[in-house]
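**Student:** Listed here are the chains, written in short residue letters.
2 protein chains.
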Amino acid sequence: MPVLDLTSDPIDLCAALVDVPSVSGDEATLADAVELALQKQAPHLELLRSGDAVLARTNLGRERRVLLAGHLDTVPIADNVPSRREGELLYGCGTTDMKSGDAVLAHLAATLTDPRHDLTLVFYDCEEVEAARNGLNRIEREHRDWLRADLAILAEPTNAGVEAGCQGTLRAEITTRGRRAHSARSWHGSNAVHAAAAVLERLNAYTAREVDIDGCVYREGLQAVRIDGGVAMNVVPDECVVTVNFRFAPDRDGAAAEAHVREVFDGFELAVTDLAPGALPGLTEPAAAEFIAATGATPSAKFGWTDVSRFAALGIPAVNYGPGDPNLAHTREEHVDTRQITDAVAVLRRFLAP
Amino acid sequence: MPVLDLTSDPIDLCAALVDVPSVSGDEATLADAVELALQKQAPHLELLRSGDAVLARTNLGRERRVLLAGHLDTVPIADNVPSRREGELLYGCGTTDMKSGDAVLAHLAATLTDPRHDLTLVFYDCEEVEAARNGLNRIEREHRDWLRADLAILAEPTNAGVEAGCQGTLRAEITTRGRRAHSARSWHGSNAVHAAAAVLERLNAYTAREVDIDGCVYREGLQAVRIDGGVAMNVVPDECVVTVNFRFAPDRDGAAAEAHVREVFDGFELAVTDLAPGALPGLTEPAAAEFIAATGATPSAKFGWTDVSRFAALGIPAVNYGPGDPNLAHTREEHVDTRQITDAVAVLRRFLAP
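Residue numbers (the working numbering), protein chains in the order written: chain E, 1 to 354; chain R, 1 to 354.
Hints are computed from structural coordinates only; laboratory data are not their basis. All residues carry an ideal CB built from backbone N, CA and C; glycine is no exception. Treat the hints with care, as some may be off.
[Stated by the list, open to error] Residues from chain R shown here face chain E by an in silico Cβ test under 10 Å; the list is partial:
# : residue
1 : 185
2 : 186
3 : 222
4 : 223
5 : 236
6 : 327
[To be verified] Computed beta-carbon distance windows for the label pairs:
#  : chain 1 : residue 1 : chain 2 : residue 2 : range
7  : R       : 88        : E       : 259       : 53 to 61 Å
8  : E       : 36        : R       : 231       : 34 to 42 Å
9  : R       : 343       : E       : 262       : 52 to 60 Å
10 : R       : 274       : E       : 212       : 49 to 57 Å
11 : R       : 204       : E       : 231       : 18 to 26 Å
12 : E       : 266       : R       : 231       : 22 to 30 Å
13 : E       : 272       : R       : 28        : 51 to 59 Å
14 : R       : 204       : E       : 266       : 17 to 25 Å
15 : E       : 231       : R       : 47        : 36 to 44 Å
16 : E       : 331       : R       : 327       : 50 to 58 Å
17 : R       : 208       : E       : 272       : 34 to 42 Å
18 : E       : 23        : R       : 231       : 15 to 23 Å
19 : E       : 173       : R       : 47        : 57 to 65 Å
[Claimed, not checked] Listed next, the stretches of chain E that the computed footprint assigns to chain R, with coverage defined by at least 3 CB atoms under 8 Å from CB atoms of chain R:
#  : stretch
20 : 159-173
21 : 180-186
22 : 194-201
23 : 227-240
24 : 303-316
Make a model of the complete structure from these sequences and hints.
**Tutor:** Written out as structure tokens, the structure is:
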């Protein structure tokens, strides 16, 4: 089993984490290594295990509890393991998303023995795949109490800025219908693809909203992400499906988002196929406000959906805060500016030190 | 080997042909049976063979030569072999497309020993699949002289009416392009599917032409037959392809058809992916006019593309004329009104008898 030194420079620890491949579904080796390292090097923590997720927590009786979470899994490797260092940059699969965040958390776990708030550290599996396999989802289902906290910090890549709350996402299929006919005698038919022009016109005419919540500006968007119609090269198509994705600000709940999309496409056949609510930033909660102050950063809105929303649904204020440029996630050239790793450790230590 | 009685009632002969399965590429058994029957029962004919195509011809030194052709292959069987008779209807795979036509031709081959025009009868393979495998295509390539004629009659199903010439067909892909972005930050991208609205609007605004040639009205059509765009459910698509099919009257040649489509979609990226010219009806040619008179029918335009166009390209006037409802072709319920078989034999005998 690979041996991890949690007390080493977190940049080196990040490289060591990257060098243990952990594509979603195949995190056991890395989870075992993290668990063993915590057991040996952070004896002040209580350890818990759920599948390939490892939890470590203090039980100091503090007034507040802060949960820090990072997923151990990565997207498939693209010739970018093992890691390599080029000056200030560390390259490799997961350097940004999110083994640099994991390294920050694991290093703090071992070196912050007397934190101001009780801590729960969660290293979990299967974040990069469908929601049903998500390790946090499993823990929420089977050990809801393990997630108890006053603030959750997800160490997802944010370039070491604070991204608060997150937008919701709704997916819907809008179907236009017609009547099949041989394309040589098209007047016997009715073309469902031609009818989809009206759906696309609605999208072209749509003006997305911007909303300011707690100083974070959420910018919505309504986009076709797929269009598909056609039976054969000599047949007038009788069906065309436009799949749209609505990213909505967290002042709308799921029902309001659906009502809005139905209004935009009034008169069309529409089926909602996916709906995940967003999360309000919750920055006025005391623990969140204290963290923001420690970072000295101005929080901004998170546009993508993240597990922040899961904590929001549990009534726990949650933010994304971690090293790494999110635009480099899932790319072959994935890398992290190692100074952000050092900075993130310093900021979190300032927030959590006694 | 199945034995075919060419001198029997052509309705029974049609049933016998249907009962020898001959899905495209698997016509050898039927081609062998046809060849053997012609050899035994039509000794006045010269026999030629190319792959699974059988040709039989007279060499009487007549002034004109009429070529009669039928394909032996069928689309895949759909629980509709063997044939079954219900009153005047004969059911089974190929009853319409086009073993009833084959039965008419084979019966005439054996029973019309002294025709007014020299005859070439062609029973060929692989008409129902891609053009490159078409038996007539192979014969044209390898034995161009075998197809020499003053008139070609394709016994494709026309409900025993005369369908003259055929429309051409052009397929083109019109591509709109954009810039990918995460759908949560869609303003960084440019949506190619939204851009396709303008392509569909052109189609919706298009008015198809009708043209009268030799009394046949050709009705054109321009239809989207496929639309496809989308990268992933959370990505703004950077490409959308609309495939259109233009069916054009035979007064336009291929180049004119392409120029027209390029004009309609002026300003868009367009690639022609398939182009087959049509065929002028050619009904003013003497042999064609004589045949029309023998049928007593008013010719109409053929909308679908057929091998008629191949003969037109060779400078040979060609018509479709055969028993069977073309709308029943390729259906599970395929059947032929047997009276059309009897009628077609009578009409062709009237045209060809001395």
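**Student:** Determine for every hint whether it applies to the structure shown.
**Tutor:** To see whether the hints hold, each was checked on the structure:
1. 185: OK, holds: residue 185 (chain R) within 10 Å of chain E, min 5 Å.
2. 186: At about 4 Å, which falls below the 10 Å cut-off, the nearest Cβ of chain E leaves the hint on residue 186 (chain R) intact, so it holds.
3. 222: The hint holds - residue 222 (chain R) has a Cβ within 10 Å of chain E, the shortest such distance being about 8 Å.
4. 223: Since chain E brings a Cβ to about 5 Å from residue 223 (chain R), closer than 10 Å, the hint holds.
5. 236: 5 Å, holds
6. 327: Hint holds; residue 327 (chain R) Cβ to chain E Cβ min 9 Å, cut 10 Å.
7. R:88 to E:259: 53 to 61 Å: Holds, since residue 88 (chain R) and residue 259 (chain E) (Cβ atoms, about 59 Å apart) stay within the stated range.
8. E:36 to R:231: 34 to 42 Å: This hint holds: roughly 41 Å between Cβ atoms.
9. R:343 to E:262: 52 to 60 Å: 58 Å Cβ-Cβ, so the 52 to 60 Å window holds.
10. R:274 to E:212: 49 to 57 Å: Holds, at about 54 Å.
11. R:204 to E:231: 18 to 26 Å: 19 Å, holds
12. E:266 to R:231: 22 to 30 Å: Since residue 266 (chain E) and residue 231 (chain R) have Cβ atoms about 28 Å apart, the given range 22 to 30 Å holds.
13. E:272 to R:28: 51 to 59 Å: Cβ of residue 272 (chain E) to Cβ of residue 28 (chain R): about 55 Å, so the range 51 to 59 Å holds.
14. R:204 to E:266: 17 to 25 Å: Roughly 20 Å apart at Cβ, these two residues keep to the hinted range, so it holds.
15. E:231 to R:47: 36 to 44 Å: Once the Cβ atoms are compared, 42 Å apart, the range 36 to 44 Å for residue 47 (chain R) and residue 231 (chain E) holds.
16. E:331 to R:327: 50 to 58 Å: Cβ of residue 331 (chain E) to Cβ of residue 327 (chain R): about 54 Å, so the range 50 to 58 Å holds.
17. R:208 to E:272: 34 to 42 Å: Holds: the Cβ-Cβ distance is about 38 Å, inside 34 to 42 Å.
18. E:23 to R:231: 15 to 23 Å: 21 Å, holds
19. E:173 to R:47: 57 to 65 Å: Since residue 173 (chain E) and residue 47 (chain R) have Cβ atoms about 59 Å apart, the given range 57 to 65 Å holds.
20. 159-173: holds (count 3)
21. 180-186: holds (count 5)
22. 194-201: holds (count 5)
23. 227-240: As far as the stretch 227-240 of chain E goes, the hint holds, because 12 residues have Cβ atoms under 8 Å from chain R.
24. 303-316: holds (count 3)
Hint compliance for this structure: no hint is broken.
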